[in-house]
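Trainee: Line by line, the protein sequences give chains A and B.
One point on numbering: in my numbering, the residue at position 92 of the first sequence is 119, and numbering is uninterrupted.
One point on numbering: in my numbering, the residue at position 68 of the second sequence is 63, and numbering is uninterrupted.
Since the hints were derived computationally from the structure, they do not count as laboratory data.
All of these numbers come straight from a predicted model, not from anything done at the bench.
It is possible that some hints are incorrect.
Claimed, not checked - If we take Cβ atoms under 7 Å as the criterion, some of the chain B residues that face chain A in the derived model are: (1) G96; (2) G103; (3) T104; (4) K105.
Stated by the list, open to error - Which chain A residues face chain B? A few, computed with CB under 8 Å, are given here: (5) T42; (6) G43; (7) G67.
Using N, Cα and C, we set each Cβ at its ideal position, and we do this for glycine too.
Residue-level listing of the chains:
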Amino acid sequence: DVKVTQSSRYLVKRTGEKVFLECVQDMDHENMFWYRQDPGLGLRLIYFSYDVKMKEKGDIPEGYSVSREKKERFSLILESASTNQTSMYLCASSYRGRGAAGNTIYFGEGSWLTVV
Amino acid sequence: AQSVTQLGSHVSVSEGALVLLRCNYSSSVPPYLFWYVQYPNQGLQLLLKYTSAATLVKGINGFEAEFKKSETSFHLTKPSAHMSDAAEYFCAVSDQEGSQGNLIFGKGTKLSVKP
């Protein structure tokens, strides 16, 4: 089974703190994603990476950055956390091979971040 | 631009009743369509997907969905609801215009099942 592991399920951080959310996948997937989930808004893509050190901005990248130094690991960084970044963050991965558009995206269990 | 619309943010059914969750898509290219389920405090899990093979797709837990090009729809059904089906369901279309491999999600439909 594909395993996408998010290191922290629940975090509480203070406004202005630098926050790291870590994600590891064990299926040698090329693609990795960070989504934000808010009630009534569904999932919104923050950043996408299709290879080591490669990244693309998603729909809502402002206030976030990412790092992908190894294929299996994709980190989301909040440079200076703000209360409007309180949310559920979901990491995901998928295979990039032929037929990538139809490939399944596999999700981690999510990280609940509260910024106070 | 591609998009997904899920009709009804909340749907409530009785145990044993038919489940119907509606999804309409917009796409200028033949779409790849997905349904995911999210149980409370968990990530998303794939229920089923349409990738241009059979238009009636069967998934896990007794769910199925039918791709109707003429109606641009991909509605999710289950003949008989079970209490364990209570969850949030997301319809998604593969993003073939932007980030290859990404999915564009609908806003979700929360399913409640009454005893």
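Trainee: Does each hint fit the structure? Answer for all of them.
Mentor: Okay, the hints, checked on the actual structure:
1. At its closest, the beta carbon of B/G96 sits 5 Å from a beta carbon of chain A; the interface hint therefore holds under the 7 Å criterion.
2. Of the supplied interface hints, the one on B/G103 holds, with its beta-carbon coming within about 5 Å of a beta-carbon of chain A, less than 7 Å.
3. Interface restraint check: B/T104 against chain A, minimum CB-CB distance 10 Å, threshold 7 Å, status violated.
4. With 7 Å as the threshold, the beta carbon of B/K105 stays out of range of chain A, its nearest partner Cβ sitting at about 9 Å, so the hint is violated.
5. With a least beta-carbon distance of about 25 Å to chain B, the hint placing A/T42 at the interface is violated under the 8 Å criterion.
6. A hinted interface residue such as A/G43 counts as satisfied when its beta carbon comes closer than 8 Å to some beta carbon of chain B; here the least separation is about 28 Å, so the hint is violated.
7. Interface hint at A/G67: satisfied, since its Cβ lies 6 Å from the closest Cβ of chain B, which is below the 8 Å cut-off.
Hint compliance for this structure: hints 3, 4, 5 and 6 are not met, and every other hint is.
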